[in-house]
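Visitor: Sequence:
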Amino acid sequence: MAFAVHHERVPASGVEHCVAIQLVRDEAAWPPSRGRLVCHAVLARENVLRVMEVRQRADGACVLVQVGMHHLFGQVTGLHAVRTLASQIDGRDRLLISFRDAKVSLMEWDDVYHDPTAISLHTFERAPPLAQGLPPTFVPHTMVDQASRCAALLLPHDTLAIVPLVQDVTELGADDPKDIPLLEQVPYMPSFVLSFRDDIDEHIHNVRDCVFLPGFQNPTLAVLYESQLTWTGSLTQARRTMQVCFVTLDLTVTKYPVTVTSDALPYDALYLVACPESLGGVLVVTPSSLMHLDQTARMVGVSVNGWTDQTTPDIGLRRATELSADLDLQESVLVFTDAHRALLSLRSGRMYTVECAVEGRTVTRLVLGEVHVPERRGGAACMQMLSSSLVLCASMQDDTYLYVMEDQRAPQAPIVPAAPLGDDEELDLYGSADPTPPAPTQAVHLHVHDTLPTLAPLNDVAHGLACDAQGRTRPLMVGALQHGLVVLEPRLSCFKERTLVPARSVWIALRQALLFAQSDDDDKACAVYKLDTLSLVAEHPHDTLACGTVGDYAVRVTTQGIQVLDEHAQMVREISSPCHRATLTESYVVLVGQEASVWTIDGTCVVQVACQCADVTSDMLVCVLPDGRLALHSLPDGACTWQSQASLTTLPALLSEHTASEDLVVAHIKWCKLTDVPVLLVQYTQGLLAMYEIRDTMSLVLVDAYMLRAPSTALVPLSLFGRSCIGVAGPHSLVIVRDRKGPPLWLETSMPFSSMCDHASGFVGVHEGEASVWTVPPLEVDAPVPYQRWATRTYTHVAIHEETGCLVASSAQPTQFVLYSEEEEPVRDPALDPSPTYSERGALELFARIGEPPIHGHEFEPCETVTCIHMAPLDALDRRSGRRTFVTVGTVISHGEDRTAKGFMYVFDIVQVVSGALRLRLMCAEEMRAPVTTLHDLNGFLVACVGQKLLVRSWELGEWLVTVAFLDLGMYATSVQRVKNFLLVTDVQQGAYFCAFQEDPARLVLLGREYAPACLLQGAMLIDHKRLAMVTCDVGGCIRLLDYAPSNPTSLGGQRLLVRCEYHAPGDAVRALMLHGPRNANGERLTSEIVLAKSNGAIDVLVPVSAKIYPTLQLFQSQLVRTVPHMAGLHPRAFRTVAPLHTSRPLSKGILDGTLLHTAESLPRAKLLSLVRDLSPRSTGGIHADDLLRCLVHLQSHW
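With our numbering applied, the sequence shown covers 362 to 1560.
Hints are computed from structural coordinates only; laboratory data are not their basis. Predicted model only: the values in this text are computed from it and were never measured. Heads up, some of the hints might be wrong.
Claimed, not checked - Result set (SDA-like, lysine to any residue): computed pairs, CA atoms no more than 20 Å apart in a straight line:
1. Lys1387 x Ala1357
2. Lys1034 x Met1059
3. Lys1263 x Thr1324
4. Lys1387 x Ser1467
5. Lys1034 x Ala992
6. Lys1510 x Leu1481
7. Lys1510 x Ile1470
8. Lys891 x Glu858
9. Lys1528 x Arg990
10. Lys891 x His901
11. Lys1528 x Val1026
12. Lys1034 x Pro392
13. Lys1034 x Val1062
14. Lys1310 x Ala1286
15. Lys1510 x Ala1495
16. Lys1263 x Phe1327
17. Lys1034 x Asp1143
18. Lys1341 x Ala1357
Said to hold, decoys possible - Ranges of calculated distance between the beta carbons of each label pair, as one might list FRET restraints:
19. Glu486 x Asp1024: 39 to 47 Å
20. Gly452 x Ser639: 20 to 28 Å
21. Glu1258 x Gly452: 52 to 60 Å
Backbone N, C-alpha and C define an ideal beta-carbon position, used for all residues, glycine too.
Work out the full structure: start from the sequences and follow the hints.
Guide: Next up, the structure:
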């Protein structure tokens, strides 16, 4: 069996949970250039946590700035801001995070590291309701009392976990005043678990939602529950089965009385929203209505569509006549913006206001009004008020928007006087008929101030040679999104624009006028060229260390000293000062020999400091002292303004901590700015590259580290993507770029560059002894992965036709659904439907280039959608090779549950017409008795899963498909993967099948299958030389390694596939791609990598691990689990372990956690050495820390 390491190459995209929180005070916010700090916004989806600053600039615009991003070992299910005893002293909020495995973490802001740190972790996974594990469809829901008196976590079987939060020291029973300072550090009291049925009220069960209500003396909980279950077949007898009750949680005397119980509510009630204290009560949201329940159980509501009259006609709600169209409140989100108004977001992206008309303290009416908002493509997952006018609308289907809400007076319609009544007696009796002028209304406008991109939901991905917008064919990863298409490029592709001159190192000086090229000749001469004409203007002896522009002159630094050159590269002045390293800025030249000296071009030495290496800015010298400490000297006076306590040779997490010297040696440093924050890049001689960020004046914090395969030669400032970047030149070249909305990106270039310098078109790089101008594709870098988006339709599948470089994608457009009878007559007039029902109609679109609109397409029948697309090399008579790649498409036609679903199998060809344009030509269309669920190719044959059959079909004479072999499968095949003549088929109910195909005579043979049922989504085969492992992914995010071992007695001669490992990675896989691994010394590819694309936008990669190094890495991973503190206090092994269903113990060995292993790159040197020292006695020959880090580098994904 092959072993693997799991990498989260691209994290989950979008925002599922958000909270506005005050982590620091505005006066303590840094840097001040960002503007005034409004608050912090903490965003989360799956296991990704992001901390954002909301800043208001001088021009009034509000922006989001990311200050932290963490990959947690837990799936976030809720975020809340709470206040503890310490909040009364420092005025800051604390962060409460709940996780799917019934854990709650309380965190606070660390002013030293400028990051959240855990205070406590409350775990309820061993509580009695979770004795049998977490139900698959249940998500623990968390809520917090508005006064921060307690937090509650909704658990299965109608139970509630309570975490009391202390707001007064007297609650802890402090009799001695000396104990008060100590008790202020205890933010909570012991937690406990309540049962609604046993501890509160026996009628409360089937709880659907809970919220805390503000303004009560004790924490009060509103509970939405269903005392009597119903379903669609019993709606004639039971329609109003839901109820809402108010429960008072008296935590001091452990009494929980029910104070208010509502009348029966509609069965389809969705969720509750707590109203502000001045309004009181709770809003109940159903798909067709909004209702307000106050403290006296009085109900007032409004109906937003016609379904209320059909489902619950006796409830007597007012119809919202102020709306121009009916609304559907499913998947809606509602948040209050002030005391009497709420903002309602629908899944279509439209927004409305909900006004609560109040007489005294009684709500008399709910009025809806449309909100003027720029067009959105999807609904909101959550909304949060950041201030009185700032709204954060977070989404998992669309971008996250930061809105500024503005009220504008709506124009009033002219008042038309009514006709006069008959006589004065009627006027006295009935009053005047003139209408009363209505109160002026306010129209709400939302203006977009900032956005966060969302690259999800991801429906499919394809990898292959595609033609980009510039006409270049290159390997690309293309994804089909819910709203468009996207190209993901974790590696930076570089394109040669023009060739310059042969060189080993290059520099550009005098405003892109002169090109300095250092050759590898014996005389080590440096040639100077005019950059525009490449004409040689001069040659200078000696080896060049650095070149640049200082003032109005070009400066060349050699091992002998400084040469000042004019615009014709002629010598103006020469300063003799031997050195072995140099760096320049616009005003100074720094030479590093036995010591660092700072020179001006007139030959004046302004500063001399003993150091290892140095960098210089316009007003500061940054140097590493002989003992490894960092020192800053102001220029030109040379005064030391700051000196670190820690030595850089220890890789400290904070430079203000005192550490002893270790074995690391600093090779290069670079002081620069990425976005608006200064950073310090430190390159060590063994290849480790560390990034320190300057926070809070002069506090340098380690934010990231990256291990290179080989040490770099230089750190060079570049300008790419419209931003300041850093180029890392050497055998392992990088470009480091950062956007204010995302984390730092370490982008490996598509080829190594021994030297790099900035250029107006991109950069000048030396590759294989030749200097050229290189450009990069136009990518967006405001996400964790560079990307390019285009198109706006919903795309379900995508494939790349490598022969032409075209892209074929299937789209789905909504069409009104009509149910037909057997006589093909509509069963019901669609116009009578209170809310029109829509189905999807698929289409096939052909894209000639990435980023351009489609050039051709094919539309399918109504209710026919594409289920799979595959580029299949089939036998063709017009090719010498005998095969040509065709576009094979499988579809499903679904007319509802009353008619049997069927499908079609299509074969298209991409042809070139007389005009030169490419077109889709339909070659074959065959109706199938069942849906065609997945397609693949097999040695010129087409493999198709149709219903419960696996078919192998032959393409005969380029006209039709003929079945040559078949095999019975389970319920519904979800994927097929091939290696040689072996097939791995995954089923939604019966698990995995391992088959083999024999061509003569043609037949399919079942080699083995899973005996335990499993709901699998995708499967692939991982190859490591002679070892093979089958990888499957199920709906719970479990990755399994299966082994075909006929020699093992438990496999029953191979008929049973053995499960060797189970590994949890959140997210449902939508596509598993098998990519080639790296080439060996002979140019052979003997390994494969598996790319798992998930619906939440995440992309995971499985890389094979050699059986020789796997035991050492497994042991090292165990050391990291035990000895390294993890974010939010979570346990990595508990997160990755899957609860065993068919074995006595978890099968946790076989897949390594790449996220955990790469934390070793950022460990302090002493900590890393101690961990490796513990491994050495147990391994043959001992282990060196640097060798371990290089091993992790070679296990990185090559995609």
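Visitor: A separate judgement is required for each hint: does it hold in the structure or not?
Guide: Verification of the hints:
With a C-alpha separation of about 18 Å, the suggested pairing of Lys1387 with Ala1357 holds against the 20 Å cut-off. Distance hint between Lys1034 and Met1059 is fulfilled; the C-alpha atoms sit about 14 Å from each other, no more than 20 Å. A C-alpha spacing of about 18 Å is found between Lys1263 and Thr1324, which places the hinted pair at or below 20 Å, so the restraint holds. At most 20 Å may separate the alpha-carbon atoms for a hinted pair to count; Lys1387 and Ser1467 meet this at roughly 11 Å.
Our distance criterion of 20 Å between C-alpha atoms is met by Lys1034 and Ala992, whose separation comes to about 18 Å. For the hint pairing Lys1510 with Leu1481, the CA-to-CA distance comes to about 15 Å; that is within 20 Å, so the pair holds. Annotation: proposed proximity of Lys1510 to Ile1470 holds, straight-line Cα distance about 14 Å (limit 20 Å). Under the criterion of a C-alpha separation no larger than 20 Å, the hint pairing Lys891 with Glu858 is consistent with the structure, at around 17 Å.
Proximity of Lys1528 to Arg990 is assessed by CA-CA distance (about 19 Å); at most 20 Å being required, the pair is judged to hold. The straight-line distance between the Cα atoms of Lys891 and His901 is roughly 15 Å, inside the 20 Å bound, and the hint therefore holds. With a C-alpha separation of about 17 Å, the suggested pairing of Lys1528 with Val1026 holds against the 20 Å cut-off. Only pairs whose Cα atoms come within 20 Å are accepted, and Lys1034 paired with Pro392 is accepted, the gap being roughly 12 Å.
For a cut-off of 20 Å, the pair hint linking Lys1034 to Val1062 stands: about 15 Å separates their Cα positions. Annotation: proposed proximity of Lys1310 to Ala1286 holds, straight-line Cα distance about 19 Å (limit 20 Å). Distance restraint check for Lys1510 and Ala1495: the Cα-Cα separation of roughly 13 Å lies within the 20 Å cut-off, and the hinted pair is therefore satisfied. Taking the CA atoms of Lys1263 and Phe1327, the gap is near 19 Å; set against the 20 Å cutoff, the hint holds.
Using a Cα cut-off of 20 Å, the hinted pair Lys1034 and Asp1143 holds, with the two alpha carbons roughly 16 Å apart. Note on Lys1341 and Ala1357: the hinted pairing holds, with a Cα-Cα distance of about 9 Å set against a maximum of 20 Å. At roughly 42 Å, the beta carbons of Glu486 and Asp1024 sit within the given window of 39 to 47 Å. Range check, Gly452 to Ser639: about 24 Å between beta-carbon atoms, so the 20 to 28 Å window is met.
At roughly 58 Å, the beta-carbon separation of Glu1258 and Gly452 lies within the given 52 to 60 Å, and the hint holds.
The structure meets every hint from the earlier list without exception.
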